[in-house]
Every structure is written in C-alpha cells, then in structure tokens.
Amino acid sequence: MEKGKTVQHLINKEWCKGCGICIHFCPKKVLEFDGDGKADAARPEDCIACRLCELRCPDLAIQIIEQDGENE
Amino acid sequence: MTKERFDFKDYIRPRFFPHMWCPGCGHGIVLSSLLRAVHELGLEKNEIVITSGIGCSSRISGYVDFHSLHTIHGRALAFATGVKLSKPSLKAIVPMGDGDALAIGGNHFIHAARRNIDITAIVMNNRIYGMTGGQFSPLSGSGKKATTAPYLTIDREFDIVDLAKSAGATFVARSTVFHAMECKDLLKKAITHKGFSVVEILTQCPTYYGRKNKEGDAIQMMEGYKNNTVKIGSKKLEDNPNLIQRGIFVEKTDVPEYCEAYDRVIQTAMKGKA
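Taken in order, these protein sequences are the chains called U and A. Position in the first sequence (first residue = 1) + 12 = our numbering. Position in the second sequence (first residue = 1) + 120 = our numbering.
Careful, some of the hints might be misleading.
Claimed, not checked - Calculated cross-link-like contacts (lysine-lysine; reagent style DSBU-like; alpha-carbon spacing at most 35 Å):
#, chain 1, residue 1, chain 2, residue 2
1, A, K346, U, K40
2, A, K391, A, K372
3, A, K165, U, K50
Unchecked claim - Footprint (simulated), chain U over chain A, 3 or more residues, beta carbon under 8 Å:
#, segment
4, 126 to 139
5, 158 to 164
6, 207 to 213
Quick caveat, the hints were computed from the structure, so don't treat them as lab data. Keep in mind it's a predicted model, so treat the numbers as computed, not measured. Beta carbons: idealized from backbone N, C-alpha and C, even for Gly.
With the hints as extra help, turn the sequences into a complete structure.
What follows is the structure, encoded as structure tokens:
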C-alpha cells in the first residue's frame, strides 16, 4: 500500500453471492471467504487499490475506498 | 475521468438488488462496465434509454436507473429504432443475449446495422439460452453439449464481428468480462460513435454452458477468456490462429446516420418549412 494511505473494502454481504472471482484474481491475495462463504478483506494492509475486484465483481458488491491518513 | 468518484449506487435501482443472475454469471460484470462507461462519459441519466428484449441479459434494463424499456424477445432493436427516431437526442443502448440478438432477433440485428441508426448494441455472448434452461443458441458452435443437444450440437456458430461487419455496422468491437477495463473503454467508444455500434462481450454462464461443457466454474471460464483471447493482430496468432481476437474491428465515420438522413427527407418534403 502507498505510504500515508489506507484502503477500505466496502463489501456488501447481502449482495455477494460468493462466486470467488475477486478472491481468485486479487494480485495481492487480500481477500478470502468468511464463515458464510462471502468475500472478506482478510489482509487489507496488503491492498494496492488496483480495484480489479471492484471491476470484476459480478454482484456489484465491492467498493474500494482510498483514504489519506495514518497507516498505523 | 470525471471529477466525482464512481459509485454504482448513483446509477442503479437498488430495490432490485441483489440481482437475479446466478453466482459467477458474467452479466453483472457487463452491467458494471456499462455503468462505469456512462459515468466516465459524464452522461446524465435522463439522456440514456436502455431497451432490452428477453433473456438473462435483458434483465439489465430493470437494474439501471435510466429510461428503460423491457420489450419482447428479439425485438429490442426494433423498439429502440422507434424510440431513437422519435427522440434522436437520447443515447440508445440495447443489451442483448446471443440468442435474443442473433436467433430470434437476427433480422432486426442485420437491418439495424444496414441502416446505420445511432444505437449501441451490446451482445452479451454466453453461447447458451440460460434463462430457459440451457438450450443451445446460434453462438454455441458445433460439438457442444446443451439441454437440447445431449449428443452434442452439429450447428456451426455465427461470428458476431464478421456478421455485424458485413451487415454494415460502422463500429464493431469485441471484448470479454475478464477484460473489464477494456470492456468499459470499448463501450465508451461505442456509445460516443455516431452510427450503429456493436460490442460483443464474451460472458460466462457457469450454470449451463460451463457445467455441461466441463469448462469449470466462473473463475475457470474467466481464466479461459484470459488465455484464449488476444488483441487484434497479436503475434501469438501465428502460433495459434484459433485464438479469439479482441479490440475494435470497424470504426467508420463516412456513412450517413439514419436519423439524420430521415431528417433530410422531412426537410425536402416540407420544402424547408419543417
């Protein structure tokens, strides 16, 4: 992740159908299935905000929000 | 890019979500690319009319918060032609499935292309009739399994790009849902193009096509789009000519647009009083 930036993964669990496309194609392996079989940001600190998950989510269930701020 | 951040909630009717498409269906990626294209072009929602026919793909018209018309099977282009002629200022976009566009609506497709009316036709090609239970379509191709072809299909498939090209479409492009960014860029160009634009987007149907033809789940089918397609004229075609080409195949600006030509007829008939 870029210094001084944080990335927030807004995942709409009601809309996610658990197809796993976002998890498979994430270049940094940030996402994983949660206990309900839905996508979850397991390692958000590794995210580079490439937005490939957002672009390829067929359920329009992921949004990536980049924020300036502390990285701690 | 427009200044504002893209939020698809600004462009959809959230009361119809989660949508009815199966888990992993590529149609949602086409919807997402279309919304991003509209956002980046800075179009107002009132400037767009989405006309669709029948099928999984045609459900798009219900999900988008534009003017929308959900019509009858195969006839979306005919309805869009009527809308466009009466209100030429609207951007007409017609998402169709492969069966809707080229079997039931085959004639409407070639004649809309021949007239060069300013409509953007998006052919969401999943090579099967999904909504009705997995019957083979004119895009399935031979040697494929379908509900109606338990012993494999014997019909050859259309090449949408070649068909659109020969029918006279003035903008013809192809992409896949794996290449979502490319999809968005091609849709932007197609919507901006004055004349009949065809964008074929390969999209997976894991439920019927993928499962029956042992092409795996949605992820494996998307890996297939990554591995079996190349940009137009890629060097990889020398080794494997069967790779599917992506990109813009036709972009012509020297053909008169239908609504403008029709306006000239009115001017002549009214002897300049219109």
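Okay, the hints, checked on the actual structure:
no.	hint	in the structure
1	A:K346 - U:K40	18 Å, holds
2	A:K391 - A:K372	31 Å, holds
3	A:K165 - U:K50	32 Å, holds
4	126 to 139	holds (count 6)
5	158 to 164	violated (count 0)
6	207 to 213	violated (count 0)
Consistency with the previously given hints fails for numbers 5 and 6, ordered from lowest to highest.
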